[in-house]
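J.: What follows is each chain in one-letter form.
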Amino acid sequence: MKQLIACLITSLLFIVACSTLTLQPANFSWPIESVLPIDSDGNVVEERYSLEFNTAGLFFEEFQDSMAFGGKEMRLIRDNKGYYFMTAISFKNVYVFKAYDGTLTKKNKILINETGMQNPLFNQRDPFIELVDGLTKLNLTNEGIEGGLK
Amino acid sequence: MIKNNFIVLVALALLLVFSSAYPQSDREIVDNFKKEYSEIEKQIKNATTLAELNKVVEKITSLKQNYIKHKELLDKSLYPDKYDKSILNLNSAYILRQGDFATIDVLQSEVGELKQQVEFLNQRNNELIAQVRKLEGQTQKDAKTIKKLENLVAELRSSIKERDELVLNMIDSLMPPTMREKDILTDKDKTLVMSEEEKQNVLNNVKTTITDNIRFMQITSLKPDDLNSIREQQNDFANKWQKVGIRLIEVYADDDQKTEELQQIEELFDNWYEAVEMEAWVSISEEFALNGIDLRFFNNGKEFTNSVLMFIDDELKNLGVKSEEESKRVYANFADSTWFATLQPVWMNYLIENKMLTEENKNKMESKIAEWKNALYPSNWWIYLIIALVIITVATFFFIRGRKPKVSDSVSMKE
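Sequence order for the protein chains is P and C. According to the working numbering, the first sequence holds residues 1133 to 1282 in order. According to the working numbering, the second sequence holds residues 45 to 459 in order.
A hint or two may mislead.
[Unchecked claim] Within a straight-line C-alpha distance of at most 30 Å, the following computed DSSO-like cross-link-like pairs (lysine-lysine) qualify:
| # | chain 1 | residue 1 | chain 2 | residue 2 |
| --- | --- | --- | --- | --- |
| 1 | P | K1269 | C | K108 |
| 2 | P | K1239 | C | K108 |
| 3 | C | K78 | P | K1204 |
| 4 | P | K1213 | C | K99 |
| 5 | P | K1269 | P | K1241 |
| 6 | C | K113 | P | K1269 |
| 7 | C | K302 | C | K267 |
| 8 | C | K120 | P | K1204 |
[Stated by the list, open to error] Heads up, incomplete: computed chain C residues facing chain P, CB under 8 Å, no partners named:
| # | residue |
| --- | --- |
| 9 | S69 |
| 10 | R71 |
| 11 | L117 |
| 12 | S121 |
| 13 | Y123 |
| 14 | D125 |
| 15 | K126 |
| 16 | V438 |
[Stated by the list, open to error] Listed next, with one range per pair, are the computed distances between beta-carbon atoms:
| # | chain 1 | residue 1 | chain 2 | residue 2 | range |
| --- | --- | --- | --- | --- | --- |
| 17 | C | Q286 | P | E1205 | 51 to 59 Å |
| 18 | C | I112 | P | N1159 | 18 to 26 Å |
| 19 | C | N76 | P | G1234 | 31 to 39 Å |
| 20 | C | K79 | P | I1221 | 18 to 26 Å |
| 21 | C | K126 | P | G1248 | 32 to 40 Å |
| 22 | C | N76 | P | N1159 | 49 to 57 Å |
Bear in mind the hints are in silico, worked out from the structure with no lab data behind them. Ideal Cβ positions, reconstructed from N, Cα and C, are used throughout, including at glycine.
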């Protein structure tokens, strides 16, 4: 029995010692969306938050054409958990990304409109991201549409 | 009629419901705020009158009221300022700009007052100049007339000085210090500074001031003290003109006449400088003429020296031709009554200090005058020398003779 207790205490100490340091609570939300012009190479730059990435992969995913970004603007917002929500005019989906090791990694792809959105925009409605397209208004999380698509 | 009103009311209600139901972008709200903010900021900067600037107050109030409901969003989204700070910035910019107008307003009312005084003095100066000319024109001047003339000249000098100072103040008031420091005046600056009322007057006042000073010197005979004071005044005026003159031309001259106006005023300044220098030579020439000495015309140090040397040379040549009495009279008039009585004590320092005459030329003239004097009054030093020699010889002879022993005495001693 004594041996079992000693083993349990040792294991507990080992687990505590090896756990990652976590600072919380943390809030990553941007107060308003950013509307970013896409340059000829497909890059966008968000100056206020010092964010820069290439959109060619996103356009390939959406249109199967990595050059479809020409003349378009990227709409981008970050929620309180730190997920990036992206979309643009004519997109059917909203893409959810997470920053990881020098990349933006897709976490979710939320289908909004099969025919493509006319004029999508984001609002910060902590803890949700509000998506507005014409009269359509949806609350999004990184997992999808809050309450499902109506 | 009632039916129509009802339709309008329903339409309005629907529009209201529809517009409130229509979702709005937060970003659009922030962008609109920024846009309105920038427009107000621009209007403050571009306002050219106080009335125009005052319209901005309503806009700032309206911006504040319209966006108060979005304060939280704006506080988060505006960077680096927040909603309150942005409104405060606009109010501060408005107050600062209002200060500019207040300064200009005060300066323009000062200009109005100065203008009246300048006009009065211009008229007075013209009258005084006319009176001085009239008295100067009289061939025979009694003591009373001369006294009156002196008083008039003093009055005129003080009046011109007073007017010059007013014009200088006016120039100051017309060009606020902040505008003087600018490299280039924009159209907006020019509109801000320009007083419509002064458009015709300001450059004319500068010209009149210089012209009157030139006229004053032409009709009066001045002494070095007066000329020194005029030079000082002239330098003040020229310095002020250099600082703000170009700016005033930019603002007040018509576009096609800017170069011409500038050239005219610069020429007047040159004439004024020349007149001050010339005045000394004219006054000196008049001093000689008063004593009946007609020197050849001169208007600089070199010419004056040549003229004096030539006059004395002529007199020396005429020594045997003219009577001795006449030659001595001319010398007395030249040297005793003019050169040593007035020129040397009154003018010489002024001429040397202002580099109008070199020391070398001064010495040349003085040597020549000494030579002239010697020719007229030859020194008899050699006669005195001979007399002295004779006296010394005689005295030595008697002294030696007195000490020599007599022969008979020496014989008896031997015995």
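J.: Work down the list of hints and note, for each, if the structure agrees.
T.: For each hint, the structure was consulted:
no.: 1; hint: K1269/P x K108/C; result: holds, 29 Å
no.: 2; hint: K1239/P x K108/C; result: violated, 41 Å
no.: 3; hint: K78/C x K1204/P; result: holds, 23 Å
no.: 4; hint: K1213/P x K99/C; result: violated, 46 Å
no.: 5; hint: K1269/P x K1241/P; result: holds, 17 Å
no.: 6; hint: K113/C x K1269/P; result: holds, 21 Å
no.: 7; hint: K302/C x K267/C; result: violated, 38 Å
no.: 8; hint: K120/C x K1204/P; result: holds, 27 Å
no.: 9; hint: S69; result: holds, 4 Å
no.: 10; hint: R71; result: holds, 5 Å
no.: 11; hint: L117; result: holds, 6 Å
no.: 12; hint: S121; result: holds, 4 Å
no.: 13; hint: Y123; result: holds, 6 Å
no.: 14; hint: D125; result: violated, 13 Å
no.: 15; hint: K126; result: violated, 11 Å
no.: 16; hint: V438; result: violated, 122 Å
no.: 17; hint: Q286/C x E1205/P: 51 to 59 Å; result: holds, 56 Å
no.: 18; hint: I112/C x N1159/P: 18 to 26 Å; result: holds, 25 Å
no.: 19; hint: N76/C x G1234/P: 31 to 39 Å; result: holds, 37 Å
no.: 20; hint: K79/C x I1221/P: 18 to 26 Å; result: holds, 22 Å
no.: 21; hint: K126/C x G1248/P: 32 to 40 Å; result: holds, 37 Å
no.: 22; hint: N76/C x N1159/P: 49 to 57 Å; result: violated, 26 Å
Of the numbered hints given earlier, the model fails hints 2, 4, 7, 14, 15, 16, 22; all others are met.
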